[in-house]
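J.: Given the structure of chain A, go ahead and fit chain B onto it with the hints provided.
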Amino acid sequence: MYSFNYLKPVSIEDAASMLSESDEHKVISGGMTLIPTLKQRLARVERLIGLEKCGLSEIKLDGELLKIGAMATHAEVSESDIVVMENPAIAELASHIGDRQVRNRGTIGGSLANNDPSACYPAAILALGGIIHTTKRDINAEEFFVDLFETALEEDEIITAVSLPKPDAAAYEKFPNPASRYAMVGVFVAKFNSEIRVAVTGAGEEGVFRCSEIETALLKAFSSESLSDCTISADGLMSDIHAEADYRAHLIVEMAKRAVTKSARR
Amino acid sequence: MILGEIDVTQVTLMVNGTQHNEDVSDYMLLADFIREKLKLTGTHVGCDTSQCGACVIHIDGISVKSCTMLAVQADGSNITTIEGLADGDVLHPMQQAFHENHGLQCGFCTPGMIMSAIELIDGKPDISEAEIRQGLEGNLCRCTGYQNIVKSVHEAAKVERR
Chain A
1 MYSFNYLKPV SIEDAASMLS ESDEHKVISG GMTLIPTLKQ RLARVERLIG LEKCGLSEIK
61 LDGELLKIGA MATHAEVSES DIVVMENPAI AELASHIGDR QVRNRGTIGG SLANNDPSAC
121 YPAAILALGG IIHTTKRDIN AEEFFVDLFE TALEEDEIIT AVSLPKPDAA AYEKFPNPAS
181 RYAMVGVFVA KFNSEIRVAV TGAGEEGVFR CSEIETALLK AFSSESLSDC TISADGLMSD
241 IHAEADYRAH LIVEMAKRAV TKSARR
Chain B
1 MILGEIDVTQ VTLMVNGTQH NEDVSDYMLL ADFIREKLKL TGTHVGCDTS QCGACVIHID
61 GISVKSCTML AVQADGSNIT TIEGLADGDV LHPMQQAFHE NHGLQCGFCT PGMIMSAIEL
121 IDGKPDISEA EIRQGLEGNL CRCTGYQNIV KSVHEAAKVE RR
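Going down the list, the protein sequences come from chains A and B. Here this note's numbering is used: the first residue of the first sequence is 1, the next is one more, and so on. Here this note's numbering is used: the first residue of the second sequence is 1, the next is one more, and so on.
Don't read these hints as lab results, they were simulated from the structure. Just so you know, nobody snuck in bad clues.
Okay, derived cross-link-like pairs now, SDA-like style, lysine to any residue, Cα gap no bigger than 20 Å in a straight line: (1) Lys8(A) <-> Asn21(B); (2) Lys39(A) <-> Thr49(B); (3) Lys39(A) <-> Arg35(B).
Some chain A residues close to chain B (C-beta under 8 Å, calculated; not the full set): (4) Ser3; (5) Phe4; (6) Arg100; (7) Val102; (8) Arg105.
C-beta atoms are modelled at their ideal positions from N, C-alpha and C, and glycine is treated no differently.
Chain A extracted, bound-state conformation (with noise of 0.2 Å):
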């Protein structure tokens, strides 16, 4: 590891300002993926800015709206009470996150800010239309994700919450890699009064997206068997050595059908 110095500014404004000072500032909340990566030296920086210190970590109802702060980790947003009565589909992806030791420290606003393209939370932000809060603006979920490890965050702004409206129906399912856990593919399908959205991780070349084959088919009626005839291009989906295109596009529909089996039990 590179060395640096280490601030932990005790408000998110103090923070932002932090950020702002130099390119070679970054901000560090769980720390699930930048700290191995700094440890790497696949990265550098001159100052972290942690954030643990800004209060960030409070869920609760906005209104109609699901609230969770950026700083809530994986775990507490999977035993959340309020999470689990308004919003079971979060509470059980954020169960299946990483092992226990990493969803004692990992974050939302962390997962969401790194946007990695095998990610879990990117999926169900997408798929209920969530927003995400920042120091400078609301930005909605369409806007947010742009490219692998792309968002629409500006260098000097910093994710504080995130508000996800409640769906009549809505489930995560992913496979995983068996070696390393991550989502090989992950399909988050969600169901709003005449609405369905469906989002997919783990498999786009540009990181997750929305599947309209997939929301069409299930807008005939919502369930599985509407799925069995449905079948997804390989055209922009990621072939490694774990598994090739036409076989992720094959998940994604087999997925997609568990996925909506199981918001049925709910």
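T.: Chain B in isolation, oriented as in the chain A frame:
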């Protein structure tokens, strides 16, 4: 205090019931702090990539991988390492269960396994074997001695039930 360009920060930590005030460079890993500054070498570093779990400790009662956290981030916290579990010569019930069920072979993963397992069974005396296996997914045993590790954790949970 400035040492060259890099800050040295004084951290105050309670480790296994003893308070420590130490100067650390900001980029020192918590696992290195525990092993090299405090000489508590029961916490192991296996993979150094946050996968194997040999470095698991408790911070304020919560299990974390100390190779993926900085010492400055633990300032002000209450830490328990494997050395803090036994009461003199009396083993912690989880250690006793590993002893009785042959839950260790080479022993390298054992400190992390035990620290993870204690959090895992807390408040769950009726935990199932499947839950134990899933709950220990962040800990790897290169001897592949999982059968007896799972058995040990199961037995320790039963002891808690009594």
